[in-house]
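A.B. asks: Model the full structure from these sequences, guided by the hints.
Number of protein chains: 2
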Amino acid sequence: MKYNFYAGPAILAQEVMQEASRAVVEFNGMGFSILEISHRSKEFIAVMDEAVSLAKELLNVPEEYEVLFLAGGASLQFAMAPMNLLDASMKAAYTDTGTWASKAIKDGKLYGQVDVIACSKDANYSYIPRGYEIDPSYRFLHITSNNTIFGTQYQSFPETSVPLVSDMSSDIFSRVIDVNKFDLIYAGAQKNMGPAGTTLVIVKKSALGKVNRQIPAMMNYQNHIDSASMYNTPPVFPVYVSMLTLRWIKRNGGIAGIQKKNEAKAAALYGEIERNSLFYTPTNHEDKSKMNVCFLLHDKEKEKQFLANCKSAGCIGLEGHRSVGGFRASIYNAMTLEGVNQLIGVMQDFEKVNG
Amino acid sequence: MKYNFYAGPAILAQEVMQEASRAVVEFNGMGFSILEISHRSKEFIAVMDEAVSLAKELLNVPEEYEVLFLAGGASLQFAMAPMNLLDASMKAAYTDTGTWASKAIKDGKLYGQVDVIACSKDANYSYIPRGYEIDPSYRFLHITSNNTIFGTQYQSFPETSVPLVSDMSSDIFSRVIDVNKFDLIYAGAQKNMGPAGTTLVIVKKSALGKVNRQIPAMMNYQNHIDSASMYNTPPVFPVYVSMLTLRWIKRNGGIAGIQKKNEAKAAALYGEIERNSLFYTPTNHEDKSKMNVCFLLHDKEKEKQFLANCKSAGCIGLEGHRSVGGFRASIYNAMTLEGVNQLIGVMQDFEKVNG
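Read top to bottom, the protein sequences are chains A and B.
Take 21 as the starting number for the first sequence in my numbering and just add one per residue.
Take 21 as the starting number for the second sequence in my numbering and just add one per residue.
Mixed in with the good hints, there may be bad ones.
Identical copies go unnamed one by one, so any copy, or any two together, can satisfy a pair.
What the hints assert, rightly or not - No farther apart than 20 Å at their CA atoms in a straight line, the calculated lysine to aspartate or glutamate pairs in the EDC-like style are these:
id: 1; residue 1: 111; residue 2: 294
id: 2; residue 1: 331; residue 2: 63
id: 3; residue 1: 141; residue 2: 70
id: 4; residue 1: 129; residue 2: 39
id: 5; residue 1: 22; residue 2: 46
id: 6; residue 1: 331; residue 2: 46
id: 7; residue 1: 62; residue 2: 339
id: 8; residue 1: 126; residue 2: 246
id: 9; residue 1: 22; residue 2: 63
id: 10; residue 1: 123; residue 2: 246
Derived by calculation from the structure, the hints in this document are not laboratory data.
C.D. replies: What follows is the structure in structure tokens.
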């Protein structure tokens, strides 16, 4: 048995992959693979419709929002979001909480005035900034809800009258959120939703149509809304597997049920890091991510040995990102408590030998 | 047995889908699905490297070009191409040979002066324009090599000193081409290369870096070149299946071998349309696509019956696009001569009853 702790693309539910595998040979009794059917076939339109309606249901998306499945990864949204929401004469606020936030800021600056109103770079992004002022005249406040690389996460969202825009790539569908606070949410699929290749966009309809610039067709949310995510050929298979994953979430208690399991997994792993004399986490206590758990050995010399032990125990993908070092355990929705306990067992055994 | 004549997403080789299906359960002995492995894993880097190197080998891509696998569909390239190649002070020539060419023109106009130097709209795009002048001062001439909807195809490319830029979404890897004529070739995967979700880009290195505008990170070819198509998480599975398809092309005689088969299939089907008293093609003789064969019944009343007969014989996806009507048989690389002969059989039987 192997346990997948990769940061992304990441673990998906076994039953989702079994069904996806069968659909690659034959989908829905059509006599064809899901890979070779027209996106205009009634069978695929049903897949897209179900994916959209499950996303709406699971996240309790209000009527005045649209849900889209686009191609291109969340990184494309770093440009699309300001292109569609921020006129050259407007200003937007961004918080800089790590690599992805920084990239969003860089693209945002191409489309209007961007003020970085809070930043945690001074401590290697190990915390989520607090106590900053948010001028109510900002068009939006852009945040990265979970920082995959640095293992931090907004446990609650900034209280402000300014609409929020959030990259939720690494924690969408992992916890209950109030969509009403947001003008725009976007999330690459490859953590909690599906395989790499599609991006979920939730956008408030009334937030669109207020910029003067001409937007290329594929970058214009309104085009995708008008054609129900079929403006061009969508990434059929990634959307299909996302739909299967959303069904799996629904079967497993919905977001509230998943959130409870995620909290239990994170509590167990952070608890062991705290208890175990060999390890520590560089992450600020209140901001610890329930998706990506960063931790280090006090004795760096032993890193290779620990990783080797993890591997022997079937725990794969635990190398920390080079920006933080040490280890990172990504414990997304599909990671079981059993998998987390397997890792905890390796940590405990390591302490017995090296403590 | 069913035969897939969909225009795209379209038929792929059976053996490719069998292998892809297995990889969705377990890839390469890793103990994980191809859907849940890191794009930074050595196993996926090997997939990307092989996909790039097979594309280079099969198309005989010269040293001074880069090959990229991007996300987002060819429609995104309608904007990316001029954004990267056309300064606001420059002018580019476009030919308008149908729906996709028209969309490319619309986005092109956002980034510089665009002159439509030839257009076949006067005859419902049933031919490829000829005999127009190409001013040598144009930055590039943009063409759509094969027009999926209207069933026309450039049998040879315009002779000009102006570098060509081509959308080859529906005939890439179907015939031998001379890449040297092009500054840029782009092609959505979902006809001859793989499933929907990735786009091949072949770009001449010296064509880049000559525009002054600031380009969003994901729209900048140079960023993707500098990171070997891993600037962000690539569409892992669509790239993997594309790699499998390129291997399959190589095993089947390479592009020259595939071209020979494609010519035989097209000759058989157009031959039958010409011979059969019930059918005709609206497409100009010299411009007939070897990928998408458009044809109609003289007696429109019998369309539904013919489609029903096709379906009974296992021939699926033959409804013509609403812009042309009638029927369209897409006979991409993976369509067998047996499949084409099955359709020809239905046409012959239909003539026996209705002729």
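A.B. asks: I'd like to know which numbered hints this structure contradicts. Please list them from smallest to largest.
C.D. replies: Result: hints 1, 3 and 4 break, sorted rising.
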